[in-house]
Amino acid sequence: MANKFSGVDFYDMDSLLSEEERAVRDTVRTWVDEQLMPIIGDAYVEGKFPEQLIPQMAELGFYGANLPERYGCAGLNNVSYGLIMQELERGDSGIRSFASVQGALVMYPIHEFGSDEQRDHWLPRLASGEDIGCFGLTEPDYGSNPAGLITTAREDGDGWVLNGTKMWITNGSQASVAIIWAKTGEISDPASIRGFIVPTDTTGFAARDQKGKLSLRASDTSELILEDVRVPASALLPKSSGVKSPLMCLTQARYGIAWGGIGAAMACFEESVSYSQNRIMFDRPIAQTQLQQERLANMLTEITKAQFMTLQLGRLKDAGTMTPFQVSLAKRNNVNMATECAREARRLLGANGILAEYNSMRHMANLESVYTYEGTHDMHTLILGQKITGLSAF
Amino acid sequence: MKLAVCLKRVPDTTAKIVIGSDGASIDETGVKFVPNPFDEFAIEAAIALKEAAGDGETVVYSLGGDASKETIRTALAMGIDRGVLLQTAGSQDGLEIAKALAAELKDQDFDLILFGKLAVDNYNYQVGPMTAELLGLPCITSLAHLSVADGKVEGEREIEGGMETSTCQLPAVLTCDKGLNTPRLPSLKGIMAAKKKPLEEKPVELGAGTFEVLGLELPPERKAGKIVGEGADAVPELVNLLRNEAKAI
Chain S
1 MANKFSGVDF
11 YDMDSLLSEE
21 ERAVRDTVRT
31 WVDEQLMPII
41 GDAYVEGKFP
51 EQLIPQMAEL
61 GFYGANLPER
71 YGCAGLNNVS
81 YGLIMQELER
91 GDSGIRSFAS
101 VQGALVMYPI
111 HEFGSDEQRD
121 HWLPRLASGE
131 DIGCFGLTEP
141 DYGSNPAGLI
151 TTAREDGDGW
161 VLNGTKMWIT
171 NGSQASVAII
181 WAKTGEISDP
191 ASIRGFIVPT
201 DTTGFAARDQ
211 KGKLSLRASD
221 TSELILEDVR
231 VPASALLPKS
241 SGVKSPLMCL
251 TQARYGIAWG
261 GIGAAMACFE
271 ESVSYSQNRI
281 MFDRPIAQTQ
291 LQQERLANML
301 TEITKAQFMT
311 LQLGRLKDAG
321 TMTPFQVSLA
331 KRNNVNMATE
341 CAREARRLLG
351 ANGILAEYNS
361 MRHMANLESV
371 YTYEGTHDMH
381 TLILGQKITG
391 LSAF
Chain P
395 MKLAVCLKRV
405 PDTTAKIVIG
415 SDGASIDETG
425 VKFVPNPFDE
435 FAIEAAIALK
445 EAAGDGETVV
455 YSLGGDASKE
465 TIRTALAMGI
475 DRGVLLQTAG
485 SQDGLEIAKA
495 LAAELKDQDF
505 DLILFGKLAV
515 DNYNYQVGPM
525 TAELLGLPCI
535 TSLAHLSVAD
545 GKVEGEREIE
555 GGMETSTCQL
565 PAVLTCDKGL
575 NTPRLPSLKG
585 IMAAKKKPLE
595 EKPVELGAGT
605 FEVLGLELPP
615 ERKAGKIVGE
625 GADAVPELVN
635 LLRNEAKAI
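Line by line, the protein sequences are chains S and P. In terms of our numbering, the numbers along the first sequence are unbroken and rise by one, the last being 394. In terms of our numbering, the numbers along the second sequence are unbroken and rise by one, the last being 643.
Keep in mind that the hints are not guaranteed to be accurate.
Claimed, not checked - Straight-line distance between alpha carbons at most 25 Å, and here's what the computed BS3-like set of lysine-lysine pairs gives:
no. : chain 1 : residue 1 : chain 2 : residue 2
1   : P       : K463      : P       : K396
2   : P       : K620      : P       : K463
3   : P       : K596      : P       : K500
4   : S       : K4        : P       : K583
5   : P       : K444      : P       : K426
6   : P       : K396      : P       : K617
7   : S       : K305      : P       : K426
8   : P       : K596      : S       : K4
9   : P       : K444      : P       : K620
10  : P       : K396      : P       : K589
11  : P       : K444      : P       : K641
12  : S       : K48       : S       : K244
13  : P       : K572      : S       : K4
14  : P       : K396      : P       : K444
15  : P       : K410      : S       : K4
It is worth saying that the hints were derived from the structure and are not from the lab.
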């Protein structure tokens, strides 16, 4: 029987969750204990996404869980959605990334910017895991500055022809469908950015695994090459319009990441508490030393602060009043907090902390990616700086 | 097939138990409650039997207060069709609970009535067989394997040193053991669907009964182990202590 994770809840946050929110959290938590934890260490070392989990996650409804039931989704609120991301990332950031991309970056734009036909065709297939999606926005020279992207879509007869290169694309090699963002007008015109639904078996489309990653090893990261990729007019997401459309997708994904950071931090805290109580040095548990107690007290404090901020963020999202700036603050804080917790946990674990048998160093290495993707920590600093001062520093 | 499952809300098996001020009950403050794990085998068996039969109905019954509604909804989220809460403050007397269940379940034409073999809070093993007796139905307890065909149920149960296979006619009462199946997790869609499934509430009066819990005690704390040495050199001392101190050999 797998070990049961009991969470971190120092201020009785559970009393602020509905029965349904707790039930959702508990299903994902148990699934992570039973299906993910026994295999994640090996998957990470082998550098392979555990594909056998894809149908299980679909069966339980993890993909696009906050989208409507009529598309085969669970129709959950955003707090429940956040709790799913928290629990998945308690297991591994790579697994949470998979679900984030499928839900927030592929299903969300089809639901938000797609036609009825596109929604009816794609959403049930993505919810059931029959199709796997990826999100092609970032390019080799346009990461923090997506408005500058140089992938083009040119109208040609009754369709479009796409050309360009995308990079750092999660799920890229395993995806059967890609949301590709391209400029339909002048390269200097970010308002001409539109989204396209591109099946990855379309002629001219190629995905290449990015090798040599020392982080998110249980996740697929690829380069996408589009060379005269011809798609029908029906591939265009009709309601996508300008760079703000992909940025709206990123707000969804960043919201999930803010919750995910809490999950990774909880995992590291739990491992630290357990290890420090059992590890005997100088004839007493290391938990009985002030240095380790300070580490644990800091972790618990930061996790607890992040929990309440993020729960309120979720309540604002459910009320329809959440702003992208609020998401920036939570993503920036929580991922940084989780990275610090993971690093301290790894140190508390001493030499054992460098082994894949323990979780903290895997989280620590993963979180360096999470710190960097979906708006780097620094970019979120500048977004907040701009919001506070009204002056853009980027 | 028409299947009933009787479900109890119990403290999570990982909960740290504190004995209440009366010395005879547990302090429920901060304790997480879950469906009795053995009852989850019964829930899974009921859902799987209905799925295999292609039609029918599954109904979950629980005795307790309002908090038991959450436990019932967990069963509904797993796939049970509807729930019935028999509203009562509860009783420690298994026979009184069995009487209330039997009164509710009789004349409802269930093919099978399923229980967990015991509830992990009090380990009484009582309510399932008592309910069967009161209903005049055959009962197979502690099932590790189950098959239903031609109006009969065949069950295997683990007994000391082996397996026992037995059979009886439907309708029947079964109590389920670990190993019977792997209970499914409530899916997220199931959790949403559970909110819309019928959950009937009926007040029941339990008799005073004759059974009373006089006191509860936590097990004594385990003493720290003793390391007598390392390798072959330590064996004589280990044997000496096992024989003379622990009196284990």
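Sort out whether K4/S lies within 25 Å of K572/P, counting only the CA atoms. At roughly 18 Å apart (the allowed maximum being 25 Å), K4/S and K572/P satisfy the hint.
Can you confirm whether the C-alpha distance between K396/P and K589/P stays at or below 25 Å? 22 Å, holds
With the threshold set at 25 Å, check whether the alpha-carbon distance from K620/P to K463/P stays at or below it. Roughly 48 Å separates the two Cα atoms, so the pair is violated.
Next pair to validate is K410/P with K4/S; report whether the Cα-Cα distance is within 25 Å. With a Cα-Cα distance of about 14 Å, the restraint between K410/P and K4/S holds, given a limit of 25 Å.
For the pair supplied as a hint, K396/P and K617/P, is the alpha-carbon distance within the 25 Å limit? With a Cα-Cα distance of about 51 Å, the restraint between K396/P and K617/P is violated, given a limit of 25 Å.
Given pair status - K244/S, K48/S, alpha carbons within 25 Å: With Cα atoms ~33 Å apart, K48/S and K244/S exceed 25 Å; violated.
Sort out whether K620/P lies within 25 Å of K444/P, counting only the CA atoms. 54 Å, violated
Taking only the CA atoms, is the gap from K596/P to K500/P under or equal to 25 Å? 15 Å, holds
Tell me if the straight-line CA distance from K596/P to K4/S falls inside 25 Å. 35 Å, violated
Would you check the hint for K463/P and K396/P, treating anything up to 25 Å between C-alpha atoms as holding? This hinted pair holds, its Cα atoms lying about 22 Å apart.
25 Å Cα cutoff - pair K305/S, K426/P: Answer holds: K305/S to K426/P is near 23 Å, not above 25 Å.
Given the hint that K444/P pairs with K426/P, test it: the Cα-Cα distance must not exceed 25 Å. 30 Å, violated
Comparing the model with each numbered hint stated earlier shows that hints 2, 5, 6, 8, 9, 11, 12 do not hold.
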